[in-house]
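> What follows is each chain in one-letter form.
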Amino acid sequence: MTVTWRLGLFAISLAVLVPALWHVAMALPAFGAPTEMYGAAVNAIIPAARHITNMVAAVNFDVRGFDTLGEECILVAAVTGTCVLLRGARGEDLTAEAGHLPDRPHVERSDAVVLVCRIGATVLLLFGVYMALHGTATPGGGFQGGVIAASSLMLIYLGEGYSPWRHVMHSWFLGALEGGGAFIFVAAAAIPLMLGYAVLQNILPYGQPKDLFAGGLMVVANFAVGLSVAGSFGQLMLEFMEETRSPEDDPIPDEED
Amino acid sequence: MSVFPWLVAAWLLGIGLYGIITSRHYVHLIGCLSVLQSGTYVLLLGIGYKWGAGPPIFYDHPAGTPAVDPIVQALVLTDIVVGAAVTALLLVIALQVHKRRGSLDPQELRPLRPDN
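In order, the protein sequence lines correspond to chains C and D. FYI, in the working numbering the residues of the first sequence are 1 to 257. FYI, in the working numbering the residues of the second sequence are 1 to 116.
Any given hint might turn out to be false.
Stated by the list, open to error - Here are some of the chain C residues that sit facing chain D, going by a computed Cβ distance under 7 Å: (1) 10; (2) 31; (3) 32; (4) 42; (5) 43; (6) 56; (7) 71; (8) 74; (9) 79; (10) 138; (11) 139.
Keep in mind the hints are simulated off the structure, nothing from the lab. Fair warning: this is a prediction, and the values are worked out from it, not measured in the lab. Ideal Cβ placement from N, Cα and C applies to all residues, glycine included.
Please build the complete structure, drawing on both the sequences and the hints.
Have a look at this one:
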């Protein structure tokens with residue numbers, strides 16, 4: 001099917017889609033005046049009931065915690081799929097060099113770049129950990145903090161280049177972070193179940209409002225998600241950077257398919 | 001005026017879809033899929049927005065202050081993270097297709113047959 005044909009089909013479907021979308025858009029509540037009660041109820045009840053101040057974290061790890069468990073599993077499954085597809089016959093060889101186009105000049109990094117990247121990576125990693133740990137009190141949380149912490153690994157790559165970076169990045173460590181975080185989350189969901197409560201029911205003491213460790217089980221789940229997201233994104237970066245190695249040491253496996 | 005955010009969401013969906021239809025490269029197609037997906041972010045955040053309300057975080061201001069809907073914000077948050085991971089998975093599949101077939105043009109990639 002050529003692009004012209006597909007565009008023709010798209011035009012026909014638009015003839016149906018546009019009136020339908022317009023109808024739905026006009027029927028939605030006016031912008032800025034939400035009518036649904038769910039979010040309002042969370043804002044009204046949770047600060048006193050759970051002793052935490054960040055309602056988004058409360059929704060993620062308490063009100064809709066089971067939902068987040070599912071999202072966490074999607075994340076782990078997607079990263080596992082990435083690793084399975086990319087690794088193939090590549091192995092864990094540490095001697096490989098980064099791929100290099102022969103006609104492109106090879107410019108060494110200046111010391112200033114290395115220094116800025118080292119300082120920046122440290123600060124970014126600390127900021128990610130801070131963001132993840134304070135998730136139940138102030139804006140932030142495990143998801144955001146994990147991504148920030150993982151992106152500090154990219155700064156290390158920018159500063160050091162492929163080979164030194166590859167020597168400090170250990171796939172088993174990132175995998176342990178990822179799987180360990182997911183395991184802690186599942187345990188936080190399953191232990192209340194085994195004790196005769198509902199899944200993810202908050203059985204720990206809530207603590208004082210505005211405290212770093214207020215929120216009981218939410219703190220554990222938030223921490224677990226932070227570990228898992230940092231490990232997952234670090235693992236993704238590692239897998240993709242492995243693809244930039246010199247092509248000759250990366251043969252495509254001959255499969256009988 | 002109040003219908004404008006929904007139209008932005010619909011527009012993002014539309015141009016994402018248009019990009020996927022006319023795409024000549026799988027990496028471009030995956031980017032278009034992300035554009036399409038961001039339409040849902042606009043829609044969700046728009047549904048939860050409330051005029052004159054603050055963030056749903058009661059650290060600096062006491063509980064009970066008007067705040068926007070935290071449910072949709074939590075949905076968008078997890079959506080972004082999972083979307084990034086799924087985008088990575090799609091890019092890996094594109095990479096494997098390129099290794100095996102030498103092309104990423106959806107037009108050139110006929111259905112997989114055992115002989116090629």
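> Are the hints correct? Go through all of them and say.
Each hint, compared with the structure:
1. 10: holds (5 Å)
2. 31: holds (4 Å)
3. 32: With Cβ-Cβ at 4 Å, under 7 Å, it holds.
4. 42: holds (6 Å)
5. 43: Cβ of residue 43(C) sits 5 Å from chain D, so the hint holds.
6. 56: Holds, because the Cβ-Cβ distance from residue 56(C) to chain D comes to roughly 5 Å (cut-off 7 Å).
7. 71: holds (4 Å)
8. 74: holds (5 Å)
9. 79: With a closest approach of 6 Å, the residue 79(C) hint holds.
10. 138: holds (5 Å)
11. 139: holds (6 Å)
In this structure, none of the earlier numbered hints is contradicted; all agree with it.
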